[in-house]
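Undergrad: One-letter residues, chain by chain:
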Amino acid sequence: DTGVSQDPRHKITKRGQNVTFRCDPISEHNRLYWYRQTLGQGPEFLTYFQNEAQLEKSRLLSNRFSAERPKGSFSTLEIQRTEQGDSAMYLCASSSWTGTYYEQYFGPGTRLTVT
Amino acid sequence: SQKIEQNSEALNIQEGKTATLTCNYTNYSPAYLQWYRQDPGRGPVFLLLIRENEKEKRKERLKVTFDTTLKQSLFHITASQPADSATYLCALRNAGNMLTFGGGTRLMVKP
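Same order as they appear, the protein sequences are chains Z and H. With the first sequence counted from 1, adding 310 to any position gets you our numbering. With the second sequence counted from 1, adding 2 to any position gets you our numbering.
Please keep in mind that the hints were generated in silico from the structure rather than gathered at the bench. Be a bit skeptical, because a hint or two may be false.
As the list claims (entries may be wrong) - Listed next, the in silico DSS-like pairs over lysine-lysine satisfying Cα-Cα at most 30 Å (straight line):
no.	chain 1	residue 1	chain 2	residue 2
1	Z	K381	H	K57
2	H	K61	H	K5
3	Z	K367	H	K61
4	H	K57	H	K5
Using the sequences plus the hints, can you model the full thing?
TA: So this is what it looks like as structure tokens:
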């Protein structure tokens, strides 16, 4: 499968614990995005990378959240001191330039439940 | 503030009919608008993109219109099938080149 992959698919953690998610983009894509989606809502942008550079962060991304893409390939999203409000689906997407716009391909998501 | 609104109520239609979903936005001047399909437990899948200077775009049974005066896009699925049942999301690119999504509309096509 050459699509975007995310690991783990599901994570249950206790409030106050740290969690880390991984995203492996499509190999030739230089842009990688993280989104958060809660039930009944559309995905909300968190941050994106162009190669290894983190170019934009949403104000939704509190200082408990950090994302990295050290070699411009896979990315990790860490949440420190998790809170119940962090429970959501965390989606990763990567994109390629079609010649006129960036088309985003989404992974299956990591569903986080904070108890 | 910028808002993208989609009908939060599910749309139920009979197989073979045309489904029409609406996306309204305020305080945006988007260069383009995209439509995605999302199945339960999965990430969104890109369907169609329409630019601000395009009135209509088609792909197989799908048709999207874009009215920048009304600030509205309509998404049509003709000859709908039960397999078309999913949540459909519209998304706009903001000035920072990021996508902002609407809340999605759930479509249920009954056989």
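Undergrad: Confirm or reject each hint.
TA: Each hint, compared with the structure:
1. About 41 Å separates the Cα atoms of Z:K381 and H:K57, which puts this hinted pair outside 30 Å; it is violated.
2. Taking the CA atoms of H:K61 and H:K5, the gap is about 27 Å. The hint holds against a cut of 30 Å.
3. The hinted pair formed by Z:K367 and H:K61 fails the criterion: a straight-line CA distance of about 34 Å is larger than 30 Å.
4. Between H:K57 and H:K5 the alpha-carbon distance is near 21 Å, which keeps this suggested pair within the 30 Å criterion.
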